[in-house]
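Student: Going down the list, the protein sequences come from chains P, C, U and W.
The opening residue of the first sequence carries number 1 in my numbering; numbering runs sequentially from there.
The opening residue of the second sequence carries number 316 in my numbering; numbering runs sequentially from there.
The opening residue of the third sequence carries number 631 in my numbering; numbering runs sequentially from there.
The opening residue of the fourth sequence carries number 899 in my numbering; numbering runs sequentially from there.
Read the hints as simulated data drawn from the structure, not as lab findings.
Hints are all accurate, no fakes.
Okay, derived cross-link-like pairs now, SDA-like style, lysine to any residue, Cα gap no bigger than 25 Å in a straight line:
{"#": "1", "chain 1": "W", "residue 1": "Lys-976", "chain 2": "U", "residue 2": "Arg-715"}
{"#": "2", "chain 1": "U", "residue 1": "Lys-633", "chain 2": "U", "residue 2": "Phe-829"}
{"#": "3", "chain 1": "U", "residue 1": "Lys-633", "chain 2": "U", "residue 2": "Gln-763"}
{"#": "4", "chain 1": "W", "residue 1": "Lys-901", "chain 2": "W", "residue 2": "Ala-1106"}
{"#": "5", "chain 1": "C", "residue 1": "Lys-594", "chain 2": "U", "residue 2": "Trp-865"}
{"#": "6", "chain 1": "C", "residue 1": "Lys-602", "chain 2": "W", "residue 2": "Pro-1008"}
{"#": "7", "chain 1": "W", "residue 1": "Lys-1047", "chain 2": "C", "residue 2": "Asp-389"}
{"#": "8", "chain 1": "W", "residue 1": "Lys-1009", "chain 2": "C", "residue 2": "Gly-392"}
{"#": "9", "chain 1": "P", "residue 1": "Lys-279", "chain 2": "W", "residue 2": "Val-1142"}
{"#": "10", "chain 1": "C", "residue 1": "Lys-378", "chain 2": "W", "residue 2": "Tyr-1149"}
{"#": "11", "chain 1": "C", "residue 1": "Lys-620", "chain 2": "W", "residue 2": "Asp-1126"}
Simulated restraints, written as ranges between beta carbons of each label pair:
{"#": "12", "chain 1": "W", "residue 1": "Gln-1034", "chain 2": "U", "residue 2": "Ala-814", "range": "53 to 59 Å"}
{"#": "13", "chain 1": "U", "residue 1": "Ala-814", "chain 2": "P", "residue 2": "Lys-287", "range": "20 to 26 Å"}
{"#": "14", "chain 1": "C", "residue 1": "Asp-598", "chain 2": "U", "residue 2": "Glu-804", "range": "15 to 21 Å"}
The C-beta atom is built at its ideal place from N, Cα and C for all residues, glycine as well.
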Amino acid sequence: MSVQELETIFQNKIDAEVRIEPKDWMPEKYRQNLIRQISQHAHSEIVGMLPEGNWISRAPSLKRKAILLAKVQDEAGHGLYLYSAAETLGISRDEMTEQLLSGKAKYSSIFNYPTVTWADMGVIGWLVDGAAIMNQVPLCRTSYGPYSRAMIRVCKEESFHQRQGFESLLVLSKGTDEQRAMLQDAIDRWWWPSLMMFGPTDDASPNSVLSMKWKIKRFSNDELRQRFVDMVAEQVKLLGMTLPDPDLKWNEERKHYDFGAINWEEFWNVVSGNGPCNKQRLDARQKAWDEGAWVREAAVAHAEKRRQRTGSVAA
Amino acid sequence: MSVQELETIFQNKIDAEVRIEPKDWMPEKYRQNLIRQISQHAHSEIVGMLPEGNWISRAPSLKRKAILLAKVQDEAGHGLYLYSAAETLGISRDEMTEQLLSGKAKYSSIFNYPTVTWADMGVIGWLVDGAAIMNQVPLCRTSYGPYSRAMIRVCKEESFHQRQGFESLLVLSKGTDEQRAMLQDAIDRWWWPSLMMFGPTDDASPNSVLSMKWKIKRFSNDELRQRFVDMVAEQVKLLGMTLPDPDLKWNEERKHYDFGAINWEEFWNVVSGNGPCNKQRLDARQKAWDEGAWVREAAVAHAEKRRQRTGSVAA
Amino acid sequence: MNKELFEYTLHLADNALILGQRNAEWCGHGPALEQDIALTNISLDLIGQARLLYQYAADQYNAMDVGGQAAVAALLPKPWKEFNRALQEDDLAYLREERQFRNLLITELPKGDWAMTILRQFFFSAFQYLQYQQLQQSSDATLAAIADKSLKETAYHLRWSGEWVIRLGDGTAESRRRIEAALADLWMFTGEAFVPAAFETGIAPDPAALRSAWDERIGSVFAEATLDVPATGTWSQGGGKRGVHTEHLGYLLAEMQVLQRTYPNMTW
Amino acid sequence: MNKELFEYTLHLADNALILGQRNAEWCGHGPALEQDIALTNISLDLIGQARLLYQYAADQYNAMDVGGQAAVAALLPKPWKEFNRALQEDDLAYLREERQFRNLLITELPKGDWAMTILRQFFFSAFQYLQYQQLQQSSDATLAAIADKSLKETAYHLRWSGEWVIRLGDGTAESRRRIEAALADLWMFTGEAFVPAAFETGIAPDPAALRSAWDERIGSVFAEATLDVPATGTWSQGGGKRGVHTEHLGYLLAEMQVLQRTYPNMTW
Chain P
1 MSVQELETIF QNKIDAEVRI EPKDWMPEKY RQNLIRQISQ HAHSEIVGML
51 PEGNWISRAP SLKRKAILLA KVQDEAGHGL YLYSAAETLG ISRDEMTEQL
101 LSGKAKYSSI FNYPTVTWAD MGVIGWLVDG AAIMNQVPLC RTSYGPYSRA
151 MIRVCKEESF HQRQGFESLL VLSKGTDEQR AMLQDAIDRW WWPSLMMFGP
201 TDDASPNSVL SMKWKIKRFS NDELRQRFVD MVAEQVKLLG MTLPDPDLKW
251 NEERKHYDFG AINWEEFWNV VSGNGPCNKQ RLDARQKAWD EGAWVREAAV
301 AHAEKRRQRT GSVAA
Chain C
316 MSVQELETIF QNKIDAEVRI EPKDWMPEKY RQNLIRQISQ HAHSEIVGML
366 PEGNWISRAP SLKRKAILLA KVQDEAGHGL YLYSAAETLG ISRDEMTEQL
416 LSGKAKYSSI FNYPTVTWAD MGVIGWLVDG AAIMNQVPLC RTSYGPYSRA
466 MIRVCKEESF HQRQGFESLL VLSKGTDEQR AMLQDAIDRW WWPSLMMFGP
516 TDDASPNSVL SMKWKIKRFS NDELRQRFVD MVAEQVKLLG MTLPDPDLKW
566 NEERKHYDFG AINWEEFWNV VSGNGPCNKQ RLDARQKAWD EGAWVREAAV
616 AHAEKRRQRT GSVAA
Chain U
631 MNKELFEYTL HLADNALILG QRNAEWCGHG PALEQDIALT NISLDLIGQA
681 RLLYQYAADQ YNAMDVGGQA AVAALLPKPW KEFNRALQED DLAYLREERQ
731 FRNLLITELP KGDWAMTILR QFFFSAFQYL QYQQLQQSSD ATLAAIADKS
781 LKETAYHLRW SGEWVIRLGD GTAESRRRIE AALADLWMFT GEAFVPAAFE
831 TGIAPDPAAL RSAWDERIGS VFAEATLDVP ATGTWSQGGG KRGVHTEHLG
881 YLLAEMQVLQ RTYPNMTW
Chain W
899 MNKELFEYTL HLADNALILG QRNAEWCGHG PALEQDIALT NISLDLIGQA
949 RLLYQYAADQ YNAMDVGGQA AVAALLPKPW KEFNRALQED DLAYLREERQ
999 FRNLLITELP KGDWAMTILR QFFFSAFQYL QYQQLQQSSD ATLAAIADKS
1049 LKETAYHLRW SGEWVIRLGD GTAESRRRIE AALADLWMFT GEAFVPAAFE
1099 TGIAPDPAAL RSAWDERIGS VFAEATLDVP ATGTWSQGGG KRGVHTEHLG
1149 YLLAEMQVLQ RTYPNMTW
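Work out the full structure, taking the sequences as your base and the hints as a guide.
Tutor: Have a look at this one:
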């Protein structure tokens, strides 16, 4: 079959909502696009452990400590599913880790902001996980089978995290003046970075067109961002808090909330390495990787010794 | 002159209270004895920085933080004077450090106990520095000149530390119930180890006889210990606290306080390496030494570059 | 009697909490994702056990008569005395002072490298497993139930850490060097568990009776790991069970308790 | 006006305290006794400066009328509000929360290795020296007097740290590698000092005016150290002056404040 014929079959499958599986033929660009996106998503889970991990040791109750630990652990699990999904496309976890550490692969810029108070834990669950879910739910139907299946598991757990996050904020919102002030402060700091999580506006989003055609993506950045604003603008009322945007208001005509201009200069700054914690996050991953090297080597060496012993017994 | 004549001259000087100076002839055993004692004393100052250093970051007021920092810094200074005094006997600071780290040279066992609460800072000043001064004041008249002069400076500062320590305990003793309980607890933990600082009883003290003859030492361990008990048994009343010894009581006949039996098994255990913090203290010194190596090397290399440049300019 | 049970319950809870807290420091920093997840699991199990035990200790206290409460007053968190409400699990975890903690010293030591963490976990789990086995038979129904529930978890911790001891001992030269260094640091902290404290009487089983089974377990794993077991009967550290801790615990508590100290008696 | 001066005084005090606290971590652990002593001296100087500045801030507050006090309420330590006594230096150091601290981010970064500590001290002292020089001329007599007293100390810190930058830059390959790594970590934290905060108006001199003199000082020492000065005008971290700190400060405060949080309002 010619490449053109293969491409036609491929696109027909996509259009018919048939999942592409690892052994199926796929355009090289589709494969590369997926590797980029899945590994970026996996890296985001792993780097995303750090800002929340920052408060595990200081969680204010044992119940919250356990919830937070379990949540960060889930993120490690998501990283595992996603690395596995990407591996079906012919790249190893070690290669992906190399790309993360060298800066070649990206991760979500939101994790380059510091977690400054305990309230950040709940607000991350609510806004950051909320934005992530908004991005991710459509990915449960994405055209590549292993990715879609990984996302179904991820989304289920993420929704749970988001509910937990919001629940912890409800507790704060009913708490003392200090707790309410802490909550408002956290919302003020995380609101705009959360909006940036949907990526550049549609006209400035280079990879989007092809991703839509191949049904890797199903909604544009701006569509998803608007949905998120509409959702959060209502939820924040339940907390008795406000969003730090004087331009936020319901537009009866559009049946959507209008909102103020996003500081794209900050966005590109953080993406290009100049966020408050970019270096700190990569240094932490590099350190874990380097300090884990002897452990991974020992595990391999021991397994090899075992194998040889079993072999010689069998022989 | 024969060695015997030299020895006679030497002992006459000693008996006439003339100080021995670095260039004077001295018996090899006198030299070795002094090196052992002075370097042990220097090491004690340096290792002694660690238990107190443990509370610098947590001192409960800025005034106390500054006092504690300055005190620990003074101990570094004492270490410097004493290493310098020992160096006049033909041993380098690096050699002495090697001996400390290898375990060949000892330091005062008192520093192998952990500092558990803030009250330990004051109690160390009062009891540990108090016992040290009791040991050290006679050393201001010790027969070896550089050692005697170093000790005059050391003792002056130590007395100041002891007064400061006691003053901080007076504050605690007038404080809240918690502060008083913290103080009594610290006294209970440090009392017996402080008594052990005077070393084994006279009949079990191997180096003492010669040291007395050479006027390196001037009072026996038991004499000094008794003076210390007599002093502290009175001072503790000013604090409204008690010493943890049911046998402690004034003996009208001896005009001294009687006191209970010391647990010499614990003493020898700690001396031989089995104290609560022996390994921790040496590990800390080893770490500082190892991590400082590149710094010391850089300083030497830079000085050498400078010297060469100056040389070539001059040439 | 009540006092001993209360203090013993705190001892068990403190062991679980402090080691859980230490292990949690690895979360996000493990040598590989799988190990990160496994150690976090252990940490979660331990914190879960601590919660059950603190709740039980609080229940005991709340049910005591005035005389019983007075007898354990020295173990209670001071700030709580002004809250005017029943004692709760978090009061015990977050508001007691260092001298009131009854955990074994081995649980509070810094996490060190992976070898230190693994070996400490192995030593501790081997003890805790035997301790919970004894407690399953306890006449105290609540302790027996908690032990029963926790035993499955601990069996897993023991197996997992034992496998890692074997991997590191019989892995590379580097892993062997590291686990031997960890052994040199840790061995002196292993004896404390077996020396009965004043509160280990009556309902609390005698820990000294567990020593030989523990030795056997260590011996068999070490044999497979090609490691030498240090001489038993050597000198051992102690103090944790009477609240005299290493210099490490204070820092751990300052960090762990900071929010409860800064914002006392709030709901989170 | 009063508010700005109060907040500015806290900013100066927090800078000195937090860096003093960081440097004190070296006490007993320095690369050689002489350096241990020298860095402890710097730490002592900084803590001494912090005490004068906190005392002055407390004096300002205690002398304010009700309106003035209300305007700075958000900067005050909450527990103090129940002490029913005048504000004191230690209340400001020990009982404010992280979001209330106004120090530059560079002062709170972990001490790192000797190269990191030295280079941070050099960058900071070079700024503080210029800042105190400006303040010597201040119309606020107390600030002018504190600056005047502190300037001699700071001149020494600057000279000492500058000499070490030269030693490390022009020492061994290893020392050069390390100071270059420290530079890569620190440079992005150097710009914050020069961006005026809302409280740097009126009595507080304009820090932006100090940039060129600072650049010059850095340039001349770096030249001698054979180090390259990174491009100026690159992106810079910020947030410390409005209380948004790095993830490091919370841990430092938890440790530093633990006794005052555990035993509030006692005399030590």
